[in-house]
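Peer 1: Take a look at the letters that make up each chain.
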Amino acid sequence: MERSMGRKKERVMENKGCKELVSEVFEKGLCTLCGACAGGCPYLVAYRGRITVMDNCTLDDGQCYQYCPRTYTDMDAVSCNYFNAPYAGDAIGEVQEIFIARSADLEIRGKAQYGGTVTTLLCLALEEGFIDAAVTVRNTGSWRPESYVASSREEVLATASSNYIACPVLERLNRFPKESAMQLGIVVLPCQALALGAMKQNPPANRVDICNVRLTLGLFCTWGLAQEPFHKFLSEKVDLLEVWKFDIPPPPAERMDIYQGSDIISLPLDEVRQFRMITCAYCLDMTAEFADISVGSAEGIEGWNTVIVRTDTGKALLELARSKNLLETVKIPEGNRLHLIEAAANKKRRALHEIIKVTGNKGELMYLGLSPKAVEKMMDNR
Amino acid sequence: MADIDIDIDAPGEVAFLMGNEAIARGALEAGIGFAASYPGTPSSEILPTIAEVAKKRGIYAEWSVNEMVAMEAAAGASLAGIRALTSMKQNGVHVITDFLGNIVMTGTVAGLVLVAVDDPSGRNSSNEQDTRPVARWLGIPLLEPGDFQEAKDMTRWLFDLSEELKTICMLRSVSKISHTRGNVLLGDMPIREMKAYYDLERIARLANPIGHQELLEKLARAKEIFELSSFNHYTGPENPELMIITCGSGWLYSREAVKILQLERRVGILKIGTLFPLPENFIEKYLTRAPKVLFVEEIDPFLEPGVKELAADLPPDSKRPVFYGKRSGHLKAYGEQEPDTVIEALASILCIDYQPGDAAYEVEADKAAENHLIPRSGTLCPGCPHKASFWVIKEALKLDNRYGFVTGDIGCYTSGLGAGGFYVVKTVHCMGGGAGIANGMGQLGRFGFSQPVIAACGDSTFYHAAIPALINGVFNKSNFVMAVLDNSATSMTGFQPHPGTGYTAMGDTTDVVKIEDICRGLGIRVEICDPFDIDDTVSKLLELMDFEPIPRVVVMRHECELIRARREEVPYMVHVNPERCIGQDCGCDRLCTRIFACTGLRWNSETGKAEIDEVVCSGCGFCADICPQGAIVKEAVRL
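Those protein sequences? They're chains A and B, same order as listed.
Counting with my numbering, you get residues 1 to 382 for the letters of the first sequence.
Counting with my numbering, you get residues 1 to 639 for the letters of the second sequence.
Everything labelled a hint here was simulated from the structure, so no lab data went into it.
Fair warning: this is a prediction, and the values are worked out from it, not measured in the lab.
There's no promise every hint is true.
A partial selection of chain B residues facing chain A, derived with a Cβ cut-off under 10 Å [stated by the list, open to error]:
1. ASP400
2. GLY418
3. PHE422
4. LEU542
5. GLN584
6. CYS586
7. GLY587
8. CYS588
9. ARG590
10. ILE595
11. ILE626
Restricting the straight-line Cα-Cα distance to at most 20 Å, the calculated cross-link-like pairs of lysine to any residue (SDA-like) are [stated by the list, open to error]:
12. B:LYS398 <-> A:VAL22
13. A:LYS19 <-> B:ASN401
14. A:LYS232 <-> B:PHE547
15. A:LYS373 <-> A:GLY360
16. A:LYS232 <-> B:GLU548
17. B:LYS540 <-> A:SER371
Label pairs and their calculated CB-CB ranges [claimed, not checked]:
18. A:PRO268 <-> B:VAL513: 55 to 65 Å
19. A:GLU146 <-> B:ALA636: 25 to 35 Å
20. B:ARG520 <-> A:PRO229: 32 to 42 Å
Even for Gly, the Cβ is constructed at its ideal location relative to N, Cα and C.
Turn these sequences into a full structure, and let the hints guide you.
Peer 2: Following this line, the structure appears as structure tokens:
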């Protein structure tokens, strides 16, 4: 093995392994539960909303540390690899096209969180043979999310909908053996998109062949909820076996709606927020910037998604969906677009402030390797 | 086994017997009709030696479920007029002290002998302990053989003595007597009429002060008899410079030491065979003949304080010798004695310049050992199901993430304390102790205790002593998981049958007492799994750890590899595909040779690949199932 691992830290010149991942990330509560560190070796295993260290790994140069979206990440390098351009710090990232959309398929719309765009695109990619399977998240009966490999329309439909609880999908990706030729799509949150970007920039050695990830669909995210504590909290409030949908309506609703049987149980968002993962406070990304297509809710327009197409791959898939009349797409109302940009810019600025609060130094931004220009831009974003 | 039939009727012939076989022969010569025991090294060969000829001789022998039952069963035979023997290791004697403390005061009918075999240095034990104080504490006439001949002769004679005194008598052996061989002159094999009947006229009463008084009278009578016993004797000059007072294997070491140092004209040896009550008059005769006395005995000072007590009672004008021994520090107070330790003590007391070994040779030997021995810590056999069990338990405890641990027990799986069991076992005490400890910890939730506790015990241990603890847990609603590591054998002591095996010590088939049936009968949740099915076992363990707050049981069942290997060829041919093995690279870091560390796996530092050691590998295939790269390949041999 000639491969140099854990060397994305050229600026800081540090090769580190599992031990440091534990001390610098896990023990500081910075783990986003993206799963990038786990599933590719016997030592880091995802279980019940946690990455568990099973045994002592002695390597001081590990891909676990390298791919973690909370260890030093050269944003320019990841961005150049993805978009052939350094990381500019634009509020919603690279945009080829932005619009609102919903599935034309009533079955999908009935099951999906908002407009069913992600489900529609995955089904299309599968049916066209563009991918053989999609790595995504499904819920167990009691609303514990688990990563899942869906390889048919039925299986994709079973993964539709969200409960805002973090789930390490990249761990499932890492479990594909390196010789697997299966072409994959993956649905990721912003932190996972960043880790996946790092994996693409510096491909894994002894696990999944990252070139097989043909399609990355990103999900907008404000923050994620810590799995175990939130699950415990929920199970005291509702009968999870009877719950069929969660929703956090856009501001100013300030509540989480839980659909249990024919009832809707609303929880004040502040109560829910206490289960936010600490690490989300340091996240720059609301719209999953390192993805082919990113999808979120369309504020104020029930049953529709906001969709950002970022890459040629994304564009090609979108055009195919349009030509097959699988997706209804409409120009995004200007107010929605501006509000999305404002919210995304706010997240960036808040995150940088939080990070500087910790480091006390603008030049020292925890995991973020950013150009000063990008930092200035994000700090000034209004 | 012995080179002769152990019950051969050939008085005057010499047989080459292991100490434990000599003890069994002594019991057979005494015409016992009943023997019961629970296996425990170094006592384990006594019962099967008897069992082997039991049917032929019309006697009964059993492996009991534990030492307590063995002792009580043997006492039952004695009370109904049948000579009976029970044998056990030191830990077993601890188990039976309650019964002993009562039978000594109620008395026996036919000869009843307890053979206790101690394990100096605790090589085969959880502890090093001396059982002889039990004789003094509870009042049991005690003999200790100094060689193989005495092992037989004393056992035989103890039955007569027990019958004469109407009390249980005890023989104390040690590993060096029980587990080595020597010549034994055989006695006759008298045919004894045996008719079992419990005499209803016999007064059954509790052990009240009258029982105690009677016991003291019996012990006084025993002392009188012991004064004349030929098991006690003196050899050496009339007035030696130093007198060794010794017993048991200490006698062997003492003779060897005196011979090597050529001290026959300066040192005498007073050998005592009847240790309790001491033959006071006999000892007093010799006590003042030497200005110095050295005590040589195994484990604790027993003879030493006994003789010193006598010295204290000597007339005021007597010349008391200076005493040397464990109290003076001339012999080490722990660990097994050997001729060298006696030589060193003699050399030091008598100011003799003596080098017990060749220092240069020792250095050479150490070097040779370094070159030829594989450096590794204590581990389990290749293919051992306990290793698989500890692996899955480790996995489950880590995933559970609440700092859970195992309260361990006595068996091969005690090695779960170390690297061989991935250090998951955190406590080990006595048979059934793990379940008992778990009972206590399982009540500590009220004090903020949130760590899952898994009480591990073997199948034999489950029957032996874990059942009461489990029942207690059900009764008091204690929060723990019991993991029965069921390898369907009492492996550590030599595959003796137990209630789960379906056959008895005498080779008869019997009903299997199923562990899961017992647990289900308690109304608690029971899961059965094969630890080689990693995912299934881990998920069951995780589920059971969450299933609070009453005891729940997982039976982790997989036959002992040694039994399987004796019966059939290996299940898998295992090899490493070097193309796939990534060795120390990211994604493995030598999981198989560094963490799992089966002795059948070998790390080749030159190629940077793992290898199978075909000589050692048992073909269990477990390593293939945990290899993260699929580099270890198992191919089924049996279909």
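Peer 1: Please go over all the hints and tell whether each is borne out by the structure.
Peer 2: Structure-based check of all given hints:
1. Hint status for ASP400 of chain B relative to chain A: holds, with the closest Cβ pair at about 8 Å, below 10 Å.
2. Taking 10 Å as the C-beta contact cut-off toward chain A, the hint placing GLY418 of chain B at the interface is violated, the least distance being around 15 Å.
3. Annotation: PHE422 of chain B was flagged as interfacial toward chain A, and the flag holds, the nearest CB pair being 8 Å apart, inside 10 Å.
4. Residue-level restraint check for LEU542 of chain B holds (minimum Cβ-Cβ distance to chain A is 8 Å; threshold 10 Å).
5. Of the supplied interface hints, the one on GLN584 of chain B holds, with its beta-carbon coming within about 7 Å of a beta-carbon of chain A, less than 10 Å.
6. For CYS586 of chain B, the interface hint holds, since its Cβ comes within 10 Å of a Cβ in chain A; the closest pair sits about 5 Å apart.
7. At about 3 Å, the closest approach between the beta carbon of GLY587 of chain B and any beta carbon in chain A falls short of 10 Å, and the interface hint on this residue holds.
8. At about 7 Å, the closest approach between the beta carbon of CYS588 of chain B and any beta carbon in chain A falls short of 10 Å, and the interface hint on this residue holds.
9. A hinted interface residue such as ARG590 of chain B counts as satisfied when its beta carbon comes closer than 10 Å to some beta carbon of chain A; here the least separation is about 8 Å, so the hint holds.
10. With 10 Å as the threshold, the beta carbon of ILE595 of chain B comes within range of chain A, its nearest partner Cβ sitting at about 5 Å, so the hint holds.
11. Contact between ILE626 of chain B and chain A, as hinted, is supported at the beta carbon level, the nearest pair being about 7 Å apart and thus within 10 Å.
12. A C-alpha spacing of about 15 Å is found between LYS398 of chain B and VAL22 of chain A, which places the hinted pair at or below 20 Å, so the restraint holds.
13. Under the criterion of a C-alpha separation no larger than 20 Å, the hint pairing LYS19 of chain A with ASN401 of chain B is consistent with the structure, at around 17 Å.
14. For the suggested pair LYS232 of chain A and PHE547 of chain B, the alpha carbons sit about 15 Å apart, so the restraint of at most 20 Å is met.
15. Straight-line distance between C-alpha atoms of LYS373 of chain A and GLY360 of chain A comes to about 19 Å, which keeps the hinted pair within the 20 Å bound.
16. Restraint check for LYS232 of chain A and GLU548 of chain B: satisfied, since their Cα atoms lie roughly 16 Å apart, inside the 20 Å limit.
17. With a CA separation close to 51 Å, the supplied pair LYS540 of chain B and SER371 of chain A exceeds the 20 Å bound.
18. Checking the proposed 55 to 65 Å range against PRO268 of chain A and VAL513 of chain B shows it holds: the Cβ atoms sit about 59 Å from each other.
19. For the pair GLU146 of chain A and ALA636 of chain B, the beta carbons lie near 32 Å from each other, so the given range of 25 to 35 Å is met.
20. The hinted window of 32 to 42 Å between ARG520 of chain B and PRO229 of chain A holds, with their beta carbons roughly 36 Å apart.
Going through the hint list in order, the structure does not satisfy hints 2, 17.
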